[in-house]
Every structure is written in C-alpha cells, then in structure tokens.
Amino acid sequence: MAGKTLFDKIWDAHVVRTEPDGTTLLYVDRQLVHEVTSPQAFEGLKLAGRKPRRPGATLAVPDHNVPTTDRKFGIADPVSAKQIQTLEENCREFGITLFGMNDVRQGIVHVIGPEQGFTLPGMTIVCGDSHTSTHGAFGALAFGIGTSEVEHVLATQCLTQTRPRTMEIRVDGKLSERCSAKDVILAIIGRIGTAGGTGYVIEYTGSVIRALTMEGRMTLCNMSIEGGARAGMVAPDEKTAAYIKGRPLAPGGTLWEQAVKAWQALPTDAGARYDQTVELKAERIAPQVTWGTSPGMVTGVDGKVPDPKSMPDEKSRKATERALEYMGLAPNTPIMQIAIDKVFIGSCTNSRIEDLRLAASFAKGKKVAKSVQAMVVPGSGLVKQQAEQEGLDRIFKDAGFEWREAGCSMCLAMNADVLQPGERCASTSNRNFEGRQGAGGRTHLVSPAMAVAAAVEGHFVDIRNWN
Amino acid sequence: MQAFTKHSGLVAPLDRVNVDTDQIIPKQFLKTIKRTGLREGLFYDWRRRKDGSPDPDFFLNQPRYKHATILLTRDNFGCGSSREHAPWALLDQGFRCVIAPSFADIFYNNCFQNGILPVVLKADEVQALFKGAAQEGYRLTVDLDAQTVTTPEGTAHRFNIDPFRKNCLYKGLDAIGLSLQHEAAIAAYEKRRRTEAPWLFTDLAVR
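Those sequence lines, one after another, are chains A and B. Quick note, our numbering runs 53 ahead of the 1-based positions in the first sequence. Quick note, our numbering runs 1070 ahead of the 1-based positions in the second sequence.
Watch out, some of these pointers could steer you wrong.
If you want the footprint, here are the derived chain B segments under chain A, 3+ residues with CB under 8 Å [stated by the list, open to error]:
# : region
1 : 1084–1096
2 : 1102–1113
3 : 1145–1152
4 : 1206–1217
5 : 1268–1275
These are computed hints drawn from the structure, not numbers from a lab. For every residue, glycine included, the Cβ atom is placed at its ideal position computed from N, Cα and C.
All chains, full assembly: derive it from the sequences and hints.
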C-alpha cells in the first residue's frame, strides 16, 4: 500500500464528511483572529443570531493597525482605533480570548500562535490572513481564509474545502554561511513563480530544511502563499517538540506524552507520492534581493536587474517593464548599486527573537548610513521583552536603528509606519507589491542580515563577504 | 448571498498579470467594519494620477466601462492577501463575474462566498475575448448551469467548476446554514476526536 504524506495524514484526520464530488467538510482545530478581517464575520454571526461553536478554540489579537510608538498615547487614527475597539467588543460579546493592545503577549498573530504553544503539530489552523501558512512549520495544516470563512469557522468549527494537490520542495546540500531561510524561500519563489504553488500544499523537505531552526522554518512556510500555495509544511521532529514544550498553551503531563507520540507518526511515509516534486541545490542559493513588484521578481545580490528585452515572451516583457518603471530601476543595474532610503526589520516573516539576534550581531558596533532611516519592529511584546533582556535594543539603538513596539507595522503600512512616494526600502517582510508599504513606495525583500548591511552601507551588499 | 444563474453583461478588460489584492483594494480601505461601500477603494492607486486626479487612461475611469459587470483579466488574478474586501469592492462596483486564465486560491474561494462567479478559461480563449473586448459595447453571456461563456458571435467557451460550489452559487445558498445541517456529523467527529487526540480539546478559558 502506498504510504501517506504529512498532508494526507492531517487532512484525513480532519474529515467530518465528504460530498459525492469530493468537497469536504473539514474540522478546524484552531482559529486565530485579528482586527482587520474579523468585524464583518462577527457582524454576520450577530445578524444570523449564531454563536461561536467552540469559542475556546479561537485566539484574538490586534496587530495590523496598532501603533509601534508608545502605546500610552493611544491610536491617532480614529478609524484604526474603531477597528481595534470593535475587536475588543466582539471578543467580549462572543467569549473569545483576546490579547489586547497593552498586553505584553500582544503581537503579530503568526508570531504569538507559536510563541504561546497555541500552534501544534497535526492541527488544522486557520486565520483570515494569507500568512497563516507560517504555522505549517510545526507540521500543521494552516492556511489563510476570507472573512466569510472566518464566520463559517466561528459558527461551525468547520470549513468546506476541496482537497488540494501536494508538492514536495526538496532543498538539499549546504547553504552558504550567512544565507538564511529567507533566502531559501525567495529562491524557491523565484524558481516556481508566484503562481507555481496554486492549488497545492507544499511540504518542504531535504537536509537544508531539517537543519533549519523552528523560527527558520516559520520564515520558510510564511512565504508559501507568495508562491501561490495556501499552505506550506515541514514535518515535525525533535526540534519541533523541544520548541513547544513548556509554552503556556502547550499540553502538559500525560497529554504531552500522548501528543508527542502522535506527532512522531506524522512525517510522510517512505513511498508516499507527491503530485509534484521540485528540487533545489542549496549551494546555488545566494543572498536574495527582489527587484520588482512581485516576490517572484528576485535574484541573487551578485546579480543584476533584468533587461525586459531579454524576456522570452511578451507577457513577461510587459510585466517586467511595468515593474521596473514602478521601481525606478534601469535594466542591467547591478543589485549592489541600488541605494536605499529606509530599512524595515520586522513582519510575520522575520521578527522573531532569532531574527533580531542575528540582525543585532551584524549591527553591533556599526552605524546606519546618514541617508537611511532604519527601524526594528519586534513580532510580539514578549519578543521585545526578551530582546531587551539580552541587550539587543541597545545594540540597535547605538547603531541608529529605531526600536519599536510590536505589530505588523510597515509590512503593509496600515498604521502610521508608511513609505513616502518614491522611497526605496530594504524590507524583511514578504510582499513587494506596488504600494504595499505606502503608495508609490518601492520595496526590496531581503533577509534580516542583508537588511542590516544595507542600512549601514546605504545600498545592498553581499552579506557573505561583508564585515 | 445573491444567486448566479445566467448573466449577460458588458465586459471591462484589465490587461495585467498577477493583479494582487493590494491593488484591487489598498490597505487604507481595510479599516472599515462593513462589507459595503468599498467601490471607492477599487483599484484606488491605479485610478489616480500622481497629483490625485482621476487617470482618464485607466479603464474603469472610461465612460464606456461604467456599467461593466464582467471583468476580463490575466493570469493569477487576486494573488496575495486573503482580504475579502477585494471581492466586496468588485461587487460594489457592479462586477458579477471575473474571467481569467487562472486565479489565486483564496480570492477564488472568496468570490463564491459573495455571489461572484470566477471563470477559468484557457489562455487562448481569454486572448480571443480580449480581442473582442477592444470593441466598444462588447458583451458576454455567462451561463452557470451550462458552464459556458458565449460571445456575441455565438462562440461558446466551456469552463469547469466543482459541482458543489456550482450548486451553492446557482441557488445562492447560505454556506454556514448548509454546514450546520451536518451538526450531528460534526458532534460525532468531535466526540471521537476528543478520545483520539484529547490535547486538541484543552480550550482557552471562556471569560
């Protein structure tokens, strides 16, 4: 008998019923909720007179709109304030646990789930946010949904789904020193394209993935959606259990023993088949920098901005021309000659303690270039606290970085952290779409180490030989 | 949700690949706590010139597309963020159907929750429709039951759709109500699962 993949095992364990055409009512173990994609879901419940089926399976936190400056001054924008207040009211009314804006546990929804032990292997996890794929790092099936589906899960603890296909992305070999999970995932997206994973759930395998820390795996899975896949996953192992053990919401006592035993059975069986397999060699992955307006528009830092004239077809030529025009870049410009105005270190991709430790190790004793404004936004209040205990905040501040409160911040610029038109930013976030960080703003996605080096030099440099 | 059965409407062509939901509706419009009134935010940054005035070259600013109900576009439409504000804004503008060679998964799902039919046609068929849409007043007829898009010349392009989704959209069914009909199955699943994997049921304390 053919074996099962990690995905197959989780999917099969969550089927409540299946329609004749294969449409499945899938049970959802956990839901995370934030202020932007939930108000209409709660409103829908109210209008229909429905209640959450399992309010204790849901955790809510405001993150998109929160200011990253001193919270005691509140939120300047009344519309943002209203949205956060609405979340608070809805949670109170429907009995949902909320980590409010002034709770030290507040942070980016995809940082706090794992941090609290709310995210566990083998679970189905959803959130009205496309970067829910992050939680797949634990060997969970986690994906983003729309607001109507948020309401659906609140009311029924289930979702109507069609079974996706499976794609294995295997990364073997040895990653060059100073290259990180961010470079791996950007290289993967560069390879498969922004729609390469559409209709698939990705499982990342291979020696490079096994060697990644849990936080590295989160960075990797986080950007699965940028390759079109709603979910990305990594099989759980000893690192996974070690990371979870003792966290506030993790199982304890005999439940822990039972859970760990079940998690050991989750990895893909030998002989299981994926619908597609893509292989990458780690040795060929250079530190990555995006040059365009889609995460697939990416190259090694030692590369050049592409020339639309060299594109194979009219469609890519037009898309490249348009992207270069928006980005204000000339064809064939060496990436290392691109000067930047701002640096953003943060987001659900790269704002965890390891990211900050690594960034601080490169920032230590250096100074941010005079032409650059740089900020560090920790992923959660607890990450911030930990960083401060380790003295990382001092290192950043001494180097000229701004040290902020936790939130999504300039990843999507819903709060006051916004790029001005024409400003160019080296960002550790996940999307370089037009206007993502502010109308007219120009985003280059990079790893935290690359972002620090760019902040210091005022332009991109190859982190592999920077000191 | 409004049912979608058969629809004839004016076509508005958006000739771009990888249109992400940040473009369909930028962040500043996500602060609303309502589903309605999002038309103003639809393609906000593309509709305006740098000085803030409407860009007459942008298709939706042209009078000929004022009453368009079918959006014709290119590959990977709706990629990026899961924001359902994207289909809400399209619906608020009057669009009931989006035709493209491919869609991003979350956006595709979100359309069905809002009475919008996303139609996947082959790239060459979409190309032919773009050619047709160069002509002012170009209309198409989309028949969900027959799963066809028919041109004014009478060419019918067939599209695929999951039978379950088709039925829900065709009848305008309440998806939550439908799932709630399976309450017994959900309860039975929970009971069994609670024994198999009890650590999944240590819920947060309800305050």
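Verification of the supplied hints:
no. : hint      : verdict
1   : 1084–1096 : holds (count 7)
2   : 1102–1113 : holds (count 4)
3   : 1145–1152 : holds (count 6)
4   : 1206–1217 : violated (count 0)
5   : 1268–1275 : holds (count 7)
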